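Student: Sequence:
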Amino acid sequence: EQALKRIGELEKAMYRHARDLEFEEAARLRDQIQALRESLVGTARIGT
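The sequence shown begins at 611 in my numbering and counts up by one.
In case anyone wonders, no lab produced these hints; they're calculated from the structure. Among the hints, erroneous ones may be present.
[What the hints assert, rightly or not] With beta-carbon atoms standing in for the labels, derived distance ranges:
(1) R655 with R626: 24 to 34 Å
(2) G652 with K615: 10 to 20 Å
(3) L631 with R655: 14 to 24 Å
(4) L631 with T653: 29 to 39 Å
(5) E648 with A628: 17 to 27 Å
(6) E611 with R640: 12 to 22 Å
(7) R655 with F633: 26 to 36 Å
[As the list claims (entries may be wrong)] Lysine to any residue pairs mimicking SDA-like chemistry, simulated, CA-CA at most 25 Å apart:
(8) K622 with E648
(9) K622 with A637
(10) K615 with I643
(11) K622 with E635
(12) K615 with D630
(13) K615 with A645
(14) K615 with R640
(15) K622 with F633
(16) K622 with E632
Note that the coordinates shown come from a computational prediction; the quantities given were computed from them, not determined experimentally. Backbone N, C-alpha and C define an ideal beta-carbon position, used for all residues, glycine too.
Work out the full structure: start from the sequences and follow the hints.
Tutor: The structure is reproduced here in structure tokens:
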């Protein structure tokens, strides 16, 4: 799915920022990833 692809892209960027000691940016991306995952779970529940 498109959302899963986006999560993968965000995770790569998050790890890159963490590696480069850019923890604030990594945390921002972590929060975006969490929000996307929560929206996916909510969407899955609506469909059942």
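Student: With reference to the structure, classify each hint as holding or not holding.
Tutor: Results for each hint:
no., hint, verdict
1, R655 with R626: 24 to 34 Å, "32 Å, holds"
2, G652 with K615: 10 to 20 Å, "19 Å, holds"
3, L631 with R655: 14 to 24 Å, "38 Å, violated"
4, L631 with T653: 29 to 39 Å, "35 Å, holds"
5, E648 with A628: 17 to 27 Å, "21 Å, holds"
6, E611 with R640: 12 to 22 Å, "20 Å, holds"
7, R655 with F633: 26 to 36 Å, "33 Å, holds"
8, K622 with E648, "19 Å, holds"
9, K622 with A637, "13 Å, holds"
10, K615 with I643, "11 Å, holds"
11, K622 with E635, "12 Å, holds"
12, K615 with D630, "23 Å, holds"
13, K615 with A645, "14 Å, holds"
14, K615 with R640, "15 Å, holds"
15, K622 with F633, "14 Å, holds"
16, K622 with E632, "14 Å, holds"
In this structure, only the earlier hint numbered 3 is contradicted, and the remaining ones agree with it.
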